[in-house]
Each structure stands twice: as structure tokens, then as C-alpha cells.
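Enquirer: What follows is each chain in one-letter form.
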Amino acid sequence: MAYVIEGSTGPWEVVIGLEVHAQIISKSKLFSGAATAFGAGPNTQVSFVDAAFPGMLPVINRECVAQAVRTGLGLRAHINLVSRFDRKNYFYPDLPPGYQISQYAHPIVGAGVIEIELADGSTRSIGVTRLHMEQDAGKSLHDQHPAKSYIDLNRAGVALMEIVSEPDLRSPEEAGAYVRKLRSILRYLGTCDGNMEEGSLRADVNVSVRKHGEPYRTRCEVKNVNSIRFVMQAVEAEATRQVAVWESGGTVDQETRLFDSGRGETRPMRSKEDAHDYRYFPDPDLFPLVLDEGWVEDLRRALPELPDEKRARFIREYGLSAYDAGVLVAEQATAAYFEAVARGRDAKQAANWVTGDLFATLNRTGRTIEDSPVAAAALGRMLDLVADGTINGRIAKDVFDAMVESGEAPDAIVEQRGLRQVTDTGAIDAAVAKVVAANPDKVAEYRGGKDKLFGFFVGQVMREMKGKGNPGLVNEAVKRALT
Amino acid sequence: MFSLTLAGARAALRRRDFSARELTAAYLGAIEALNPKLNAFITVTSELALRQADAADTALARGEAENLTGIPLAIKDLFCTEGVRTTAGGRILAPFVPPYESTVTANLLRDGAVFLGKANLDEFAMGSSNMTSAFGPVTNPWTRPGDASPLVPGGSSGGSAAAVAARLALGATATDTGGSIRQPASFCGIAGIKPTYGRCSRWGIVAFASSLDQAGPVARTVEDCAILLGSMAGHDPKDSTSADRPVPDFAAACQRGVKGLRIGVPREYRSDDMPPEIEALWQQGLAWLREAGAETVDVSLPHTKYGLATYYIVAPAEASSNLARYDGVRFGARTEGADLTEMYESTRAAGFGAEVRRRILIGTYVLSAGYYDAYYLRAQKVRALILRDFTEVFARVDALLTPTAPSAAFAQGERMDDPVKMYLNDVFTVPANMSGIPGLSVPAGLDAQGLPLGLQVLGKPFDEETVFAVGAALERAAGFTALPSLRAGG
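Here the protein sequences come in this chain order: A and B.
Under my numbering, residues 6 to 488 are what the first sequence spells out, in order.
Under my numbering, residues 30 to 519 are what the second sequence spells out, in order.
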């Protein structure tokens, strides 16, 4: 069912477009040699270029350009071999030159596409309008002094990619899936770490609402939303607000708003740039950026396998469901972990273990797949023990928990704790006899036609055997004893 | 000592006729004596100059002379000099001491030059008279015979030109955005070249209009300019617009002669209101070149007439953005205010003079939404046509000869009431900036009032060698020996 907001006048469709600012992974800034590491002391990563001292000039960082091109290729987008930098002029203390250098008119990357996957298993293609490079501004700190604002220029001049989507998204879920997928692609490419808490990925959310079949109505831009959850909440809050405005006979004004996550509402931004005329013009300090086609092809050839390709391969090679494959490829490290477990083994079982017990463990312990308490090789070995009958499937859960606890190898755990599966029919028959003897009334009921009790006997025998009985042999023995 | 050219002084230093310290001390003495009258220097760095001269003497004694070892120069106060105040002629930068050295001045220091001090200029290089400097006007060392009224040295490199003409320095750095090297050279009876855009690094030069600004030297002779440019020029990875090509031997090119060269005479540079003596000098210059073996041909540069108008759109537009950084926040002068906006406003109102404010306003206007297409975009299109004119003409000729400026030096205070009249000074020089081509002004004669007049040689992009060859030939033919009334060693 398509997502709608139910208003007093009926359902409203939501139209969403996203502008995502992604900080490019690079050692130095877009136009200066200053470092970019997060968390350094205030104003310790500032060159004279970043501080816009007289006579300082920008020089493009080749690695940042390569990162932008890689990203464009990863978005299956058109790479513009000639692009240009413009100046966006406005005064603010965290913008030392009084202008931001940005590719306004001629971006480096043109139209592309992102496939998003939804919870119901369906996918949708979302258009990417463009990707351009620009400089970040510094940071204004208004809470350090009662009367003064402090400025930290460490971030000033850091390279950003602004990735603009078409207004193709229609629900909070789709908006969330878009950001999640984009982040996944960026992380695969190694062009942005996607860390939204540190601000290396931020989204401006453009929202409008309309009745089915109408042209677009006025949109509002919700600025600087810094988590996927907030993106989804901001869409809903803003769309709901707009529906209320329209339905009360009002008009939505095109404006910039902020999302207040505490109150779950958007409000107009107290703007540092009220109705600004940015006076864009080509930056005369920089010639047009001309890319060599061969260089772009080299970058294309060196691209890693990206989530969509990997997902298709997992479905094809491992016979996984689209959903499982999608979950496993979201992070490159997860996919690599899965492949290490699945290679040469039952892939579906490997997928179940990774998305089931392993993910649950990671969640519970707050660890990432990179520092998982159970290494891929150890999990694989454990699956081998199941496959060759050393342990049964139930005991495997205990072995896994013991691996998480102790960090020991599965073989050692099985040996030390005596968890080896019992296939000795004598031992099994003895356990069965004990259970039959202890439950004469149940035996009578079963023999009287209460078939459902079969499971009870199997369970009792397994309990008697501390779970180690071979399930097939136990079944057979129980059946024999009861007939 | 003061009658020596830069080339002559260099030879004398190498012969040890006198020491670099003696030479520098003599020039510092001349500055002390004459600068109060001329105001050519904003800052004089005597101690630093003597230290540099001593270092030069040590190098000379070891026989390790570089291109400019021991040569005392004036540095236009638009070039950032490490540890030496750099004002750009404006109040807003009056307290600014750069922690870095511009590439051009670093190149000169590398080659052994001695810096006497920082030369006065129009505020942020915006002006054609040196009347807009926050540090007071520069006085031209030339005067009209029998008339004591002070004349302008031209602008914006007025301090550089006046210092060289009055023999307060053997040469000077200058910059040229619309004629700021060539027009003051013409007004002061010296030589000056604006090289091809990209020939000298702009790194560390306070920016006026980035796509037009270019550094170059002023000096007494064409050869001296060639020697200086040889040190100033060169690729700089810190300036993305700097050209990655080798620096030719410009000084050697001065000896080439003009035999067989085709010199174009652009008919659009002839106007009805041009003084007849300038027209006559132009014809004389062409005759000299023909006598030296060149051929002169009439050519047409049809878009010349739009040059000035489009220049006064492009240059202020870029300036309005370039000067946004002077906000009192990180360096320079600040005037406090109740809030941020008020601080910005009072800082910039107090810090910028009237001409700079005028250009910031014009530039802001022409870039504004709704006006951008009509002004800036259109101007850039015309600019492309101006360049095409030159490209087409240079397919047929090796260089062009024109007057440098439509007049000789005028009196201080003249033309101040009408900015457009002032802007008209740049009519012959602006096209070289709009197209990026090199232009050299050579002192060629005197007007009826005994004031110097220059002729301008324009050349193909990165063909300064031919420009120097033609300029040197003109210089030899003109035999310009007149001297200003105010000068050292007079």
C-alpha cells in the first residue's frame, strides 16, 4: 500500500527529495594541504588558505576529485569530463573568504540512480540528479561565552560531495532506505565513512505534499538532519504539518526549516542568510576541472564490487533470498564475514547463523562485525561440526554461546564440555526405556491414539541425554519403543 | 652610482666597483631625502635591506652571484612580505604583517635581491592616479616646466614607478589588472611590462581581480625589466592559474632586433580626442621600427571599443568577492559593533576608501540575481571576442604597437570628480588584461609640456621575447634620456 497522510479532506501523497552532504575521505582538504582528521583541537588544522589570508589561492586536491568520480561511478552516473567551480558569496565568520567554492552550474557528476530495498522485499530505482564537490564551512560555537561566538576552522575547506536526488521518494521508509543505501555505497567505495553522528553524512530533506495526480506543491527544506531515524521522522512531521496548513486553508511557504528531534516537529530556521542572493560566479582562481577519460576508466576498473552486484551474486551463487542477501551486503564487512563462513558450506545455514545468532550477539554486546567475538573461521568450523554429525543443531546453539563467552574454538568446547552428539543406540535405547518406564500413563494415552505425545517423549529423551542425542536416532528409538 | 641602470649596477657589483652595502646605503639615503616629497614608499625596511646587502656582498665575494645579487628594489605593497607589514594601500590592512612571502618576492630573494621597502599604490590597486591610497598620494617626480603643481605618477603602481623614475630604486615589482604597470611607467618615463597572465605566480599578492591580475616589473630600461622578469616568473604549483612552462632568457631577447617582424597597427586605438602629440609619437615609433627592419601593417581589433566597459564589470565583480575576506574577524583592522552585522559594517565602512567601496558596490550589483546575465555573463562573452580579435590578428603579425595611455601625467586632484573620466585612462591598456596577452610600455618621447609619453608593445601569449625585442628596438631608436626634476644623484 502506498504511504499516505490521512487528512480531513482525504489522503495526501508525500513527495521527498534528498540532498545528502557526504564528507570525502581524504588526508587533506579540498583546496589546501591542511589535515582533515576528526576530533582535533580547535583551529589546529587550518592553513592560511582555509583562513583566507590575503593572497592565498586554492589548489584542487586530486584525491578528492578521484573520490568524487569513484562515487559517481558507484552511482552509475554520468561523469562530466569538464566541470567548474563557482563562488557562492555570503558573509559569516565561519566562512573566512566570504564565499564557498562549490560546483553550482557545472557539477562533476550528472544523472545516476540508486536502487532502494524496502521491507516488503520490493525495490525501487531513485534518480540521482547530480553530485558536486564543495567546501565545508567552519563551525560556530555559540555556547562557549555569554557574549561571544567562537569559531573553529578545522572543518573549513574540508571536501564535501553534495548528492542530490530527484523528488522520487514517497514515504519516510523510502527516504530512510535511500540514505541507508547511499551510505552503504559510499562506505563500499571508501569515499565517505558515512558517520552521521560525527557529521560526515548529513541530509537536507525536501518535502511537499499533494493530492493524488496533482502537480508538485510548494516544498520546504529541512536542513542538516543527522540520522536516518531523524530523516524518517522529519519527513513525517513536516508532511503532517503541511497537510494541516493546506487543509486549514493556508499556504505552505517555501522556506528552510530545522527538525527538532526532541519535540518531533520542524520549525522555521532562524536564518544566518535571510533571503540571500549568493551572487554565484565562476571562481577566477581555478580553471575548469578537466578529467582525462583514461583516468576515469582506470578508476572505474578499480571499483570494488558494490552492494547491488554483490546482492545479485549472493542470490545467484548462494541461493539466498533477496531479503537475506540485502541484509548481508549492507556492510562490506558483513558480506565478507558471511562469505568466509559460507564458502564450501551450506550457504543458507551460514546466512541464518550470521543474520540470526551472530547479529543478535553483536546487538547484545554492542560490538561490530569487525570485532566480532566469534571469528568467521570459528563459526565456519562450528558449522562443520554440525555437518559431520559431531554435534547436533540444538547443541550448536550452546556451543555458539560458549564461543561468545570464552572465545575458545568450537572443537575445544565440544570436547571439554562433552557435547559430542550421542549416536550410540544402546545409550539411546536406555534413555528411551527410562522415559517409557517413568511415564506409563502417557504411554497408554499414546498407544490409545494421542499421536501428539510423540514430541513429548522425544523431548524427554533429549533432556535425559542432556540434548546430545542424535535427533534422527532418538526419533527412531522412541518410535520403536512405543509401537 | 645613481645613473647606472640595473644591468649596469649588476656589472659594477660583480666587478666590485662598489659593494652591495654601499649601493643599498646610497639608495636608502636617497629615499630618506626624497620620499618625504614623493611619498613613493609606505614602509622603508632599512635594516633588513642592509642585512640583505651584506649577505649579497658575502655571496659576491665568493663569486656566487645570482641574477639579482645586491640589487636594491622597491616592492609594491600588494606583495605579501614575511614579517614586513603589507597594507595594499588600505586602512583595513594597515596593521597586517604577513607570516609568509609571496612567490614572486621569494623568487627575487632567491636570486639575491635587496628589498628597500614597500611602495605606495592605489588602495587595493584600484586607481589610475595613486590618489586613492590610504597612505596619501604619490607625487610624480616629473613636473611641467615652470609649473610646480604636483602631478600624479599614474596608478595603481604609482609608488613603484615614481621610486624607479626618481632613482630611489633600481627596479620595482608592480602589478597590472587594467594597466597598473604600463600607465604609471608611461607617466613616469620608465619601462614596465605586464607579462602574459600566468607567467608570474599570484600566490601571496593581495588579490584585486583574479582573472586579470598579473605581476611584472618596472625599471629604467627594457633590458632591466627583462632581467627582473626572469627572476619573478616561473611556474608555481600554489597558483592554479600559473603556467607550467619554462622561463626564457628575456634579457637575451632584447638583443634580437626586429628585422623581418610584422608589427600591427590597430586602427581602433586611434581616436579623435587623442592629443596630436601622442598620435605623432605613435607614427614616429612605427617609423623607428620600419627603419630597424620591421614591416608595419594596419590591423583591426573590432571589439576594442567594448574593452573598457566590460573591464569595469569583470574587475569589480571579482573584487567584490575577493575583498569579502576583509571583515575584521581574523586579521587587519576591526571596528567593534553591537553585533556581528554591525561589526562587519563598521569595519568595512571605516576600512575601505571611496573608490574601493564604489567598486565593491558595482561588483555586487553586476553579480546580483537578475543582473548577472545582462552584465557579468555578457561581459565574459565580450571578453572572449576581445581575445579572438587578438588571436586572429596575431596569426598575421608578430606584435602590435599602440600608445600606452591617452594622455601624459595629469595634476593631482584632476579628474577626481568623475570616476568615468579616470577610468578612461585605461582604455589602451585594458584589452591586454582582458585577453591575457603581454604588454610593455617603453618611454618614447615628451609631450609639449615636457612630460614623458610611452608606447605600448603588445605580443602573443607567452611571447614576451618578441615584446622585449620590439621594445628594446624602440628604446634604442627613441634614445629617451630626459630626466625628472626630482631625482637622486641629480
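Bear in mind the hints are in silico, worked out from the structure with no lab data behind them.
A hint or two may mislead.
Quick list of in silico lysine-lysine cross-link-like pairs, DSBU-like style, CA-CA up to 30 Å [claimed, not checked]:
(1) A:K402 to A:K457
(2) B:K410 to A:K32
(3) A:K144 to A:K228
(4) B:K288 to A:K144
(5) A:K144 to A:K93
(6) A:K186 to A:K32
(7) A:K471 to A:K484
(8) A:K457 to A:K471
(9) A:K93 to B:K410
(10) A:K353 to A:K402
(11) A:K153 to A:K186
(12) B:K267 to A:K93
Distance windows between CB atoms, simulated [stated by the list, open to error]:
(13) A:H83 to B:T370: 34 to 44 Å
(14) A:A40 to B:T370: 48 to 58 Å
(15) A:A42 to B:G442: 20 to 30 Å
(16) A:W300 to B:R359: 49 to 59 Å
(17) B:G92 to A:K32: 37 to 47 Å
Glycine included, each C-beta is placed from N, C-alpha and C at the ideal position.
Enquirer: Of the numbered hints stated previously, which ones are contradicted by the structure, given in increasing order?
Expert: 2, 4, 11, 14, 15, 16
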